[in-house]
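*Asks:* Between the sequences and the hints, there should be enough to build the whole structure, so can you do that?
First to last, the protein sequences are chains A and B.
The numbers in my numbering rise by one with no breaks, and the one at position 14 of the first sequence is 14.
The numbers in my numbering rise by one with no breaks, and the one at position 282 of the second sequence is 605.
To be clear, the hints were calculated from the coordinates, so they are not data collected in a lab.
Since we're looking at a predicted model, the values are computed, not measured.
It cannot be assumed that every hint is accurate.
[What the hints assert, rightly or not] Cβ-to-Cβ under 8 angstroms is the rule here; a few derived chain A residues that face chain B:
| hint | residue |
| --- | --- |
| 1 | Trp44 |
| 2 | Leu45 |
| 3 | Tyr51 |
| 4 | Ile58 |
| 5 | Asp62 |
| 6 | Phe152 |
| 7 | Leu155 |
| 8 | Leu162 |
| 9 | Phe289 |
| 10 | Gly296 |
| 11 | Leu307 |
| 12 | Ala310 |
[To be verified] Derived coverage of chain B by chain A (criterion: at least 3 residues anywhere in the stretch with Cβ under 8 angstroms from a Cβ of chain A; other residues may be distant):
| hint | stretch |
| --- | --- |
| 13 | 492 to 506 |
| 14 | 552 to 560 |
Ideal Cβ positions, reconstructed from N, Cα and C, are used throughout, including at glycine.
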Amino acid sequence: MTTITTPARTNLAAAAKPRSLRGAWRQIRQGWQLYLLLLLPVVWLLIFMYYPMYGAQIAFRDFLPGKSITGSEWIGLENFTRFFNSPMFMRLMKNTLWLSLYSLVVGFPIPILLALSLNQLQTGFFKRTVQMVSYAPYFISTVVMVGLLLNFLDLRRGPVNLFLMQLGLDPIQFMGSAELFPSVYVWSGVWQNTGFATIIYLAALTTVDPSLHEAAVVDGANRLQRIWHIDIPSITPVIVTLFILNMGQLLNIGFEKTYLMQNQLNLATSEVISTYVYKTGLAGGIANFSYAAAIGLFNSVIGLVLLVSANWAANRLTNKGLF
Amino acid sequence: MTIETESHHSISRIRETGVDRAFNIINYTLLTLFLLLILYPLIYVVSASFSDGAAVIAGRVWLWPVNPSLYAYEKVFSYPLIWTGYGNSLFYAVVGTLVNVTMTLIAAYPLSRRDLWGKNAILGLFLFTMFFNGGLIPTYLLVRDLGMRNTRWALIIPQALSVWNLLIAITFLRSSIPQELLEASQLDGCSDFQYFIRVLLPLSTPLIAVLSLFYAIGHWNQFFAALLYLTNKDLFPLQIILRNILISSQIEMDMIVDIKSMAAREALRELLKYALIVVASVPVLIIYPFVQKYFVKGIMLGSIKG
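*Replies:* Have a look at this one:
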């Protein structure tokens with residue numbers, strides 16, 4: 001039996017292989033116009049996304065302006081050890097992680113709650129208004145957002161402190177306080193992004209089978225029980241996916257907002273990896289490209305590790321990982 | 324027996340509606356609070372910008388403008404840098420979006436074809452850059468070495484494509500354009516180019532609207548690239564000029580030079596900021612209600628692939 005099937009199988013495989021290769025060639029030749037269309041985007045991708053990855057090797061070199069990337073001296077991990085041993089290392093890691101975790105803990109669940117709550121409303125004027133108004137702040141630019149914060153929270157002229165003073169309370173130095181910086185950063189982010197972040201959950205909630213709800217009503221389940229037992233389980237895959245993506249971004253505290261909110265008074269908590277890379281590499285008097293690139297590369301690698309670990313954990317726990 | 328079940332039923336139904344009614348009241352209350360929390364700062368900015376500066380810094384503006392006037396807007400629009408910034412931002416938004424949408428479509432169409440040999444490998448090449456990149460410094464050095472610093476291209480070419488938007492486009496083309504259309508066109512002797520231009524593009528208007536919107540708003544609000552690559556004032560987009568005024572508080576003296584007292588200057592400074600915020604955000608907020616449905620559609624397309 002085996003002696004017969006084995007040659008037969010190899011014959012089949014041998015026959016299939018050239019055929020698929022020839023098929024591939026025919027596909028490529030017939031689809032040349034498709035490859036031609038793809039050419040420009042792929043070339044762009046290689047130059048602007050992949051070449052910088054190659055250029056990241058300056059993190060391991062002593063790169064001097066004027067010299068070429070490969071022409072400068074290879075110094076191995078010196079830039080990295082210098083960063084790990086510098087007093088800035090702990091501060092940057094602490095600030096970056098704290099801002100990220102604070103944003104995640106506050107900013108991740110609120111859109112889910114808002115979506116669940118909006119989903120309980122019947123479509124109508126009120127629901128449409130809440131949705132439309134809640135998306136609006138998302139379109140405000142970061143510069144304007146920070147400008148708004150500075151104006152609203154100004155110590156003497158901002159409406160928030162004017163209101164506190166009218167209540168007979170002491171005004172609060174919001175923007176010039178290292179202690180309050182993370183809260184101002186996170187809660188203004190909630191104000192700006194919550195509405196927009198609900199869209200994806202609301203979309204997921206529309207796919208819930210209505211007969212599940214009808215059956216639950218017949219069984220005497222109230223709204224809260226239906227949310228808990230039907231709505232939340234239905235959107236769990238979306239929640240897990242977004243959570244993994246968020247984990248991958250944990251060290252990527254947005255440069256723009258942090259940088260714009262920074263001042264001498266809150267720097268103790270507002271200096272994060274991305275702003276420090278910019279300042280050491282590009283904004284300072286002496287451009288320290290290699291050192292800054294090393295910090296940036298460290299950041300990218302940790303980001304990738306976090307993403308892969310979160311995905312691994314999600315696969316183990318729920319079988320619903322990204323890849 | 325029947326009476327018992329009936330009474331049991333009605334009791335449970337009463338309790339149900341009780342919980343549900345409480346839930347509804349709390350739900351509506353919380354949502355109304357949320358609505359006001361989002362809306363109030365926006366109303367305040369607009370009201371303050373139309374008010375008397377002295378009333379703003381004294382905290383007399385709460386909801387509606389106090390002593391309404393267009394004074395702040397006259398001042399803002401008489402400031403030449405605002406016009407330069409507006410013009411530049413418009414250029415970056417229009418040209419940048421044109422480049423973006425073209426690049427996204429010519430990449431998305433071949434990658435959406437199921438019969439493209441090697442599509443998964445090429446798509447993987449794009450996707451990987453969502454999770455890992457060379458970092459700020461190598462990218463900066465590349466743009467510098469290409470001679471793009473202090474040119475308008477620095478804000479357009481390095482951001483010519485967003486992989487996230489590419490995914491939205493691929494998902495749209497795969498899910499919204501029937502496969503039979505391609506087969507029928509091929510039977511009619513349509514080449515891939517012809518199919519792309521004559522069949523696919525006309526059917527993709529919702530997609531093009533979504534992409535244009537995402538990209539245009541990105542360009543309009545772009546700040547970082549301009550900070551990195553531009554030092555020439557004539558090329559500054561609006562966001563850089565806004566940063567200088569709103570955050571670094573650099574207000575050119577000629578804007579307030581004709582004002583005598585310190586207090587009045589202070590009041591005008593404050594007023595100008597509110598007016599500027601309105602002026603800078605109006606283009607986006609005006610088109611927003613009209614295009615909101617496309618935005619939602621775009622996000623939903625992104626989530627399918629997710």
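*Asks:* Would you pick out the hints that fail for this structure and give their numbers low to high?
*Replies:* 5, 7, 12, 13, 14
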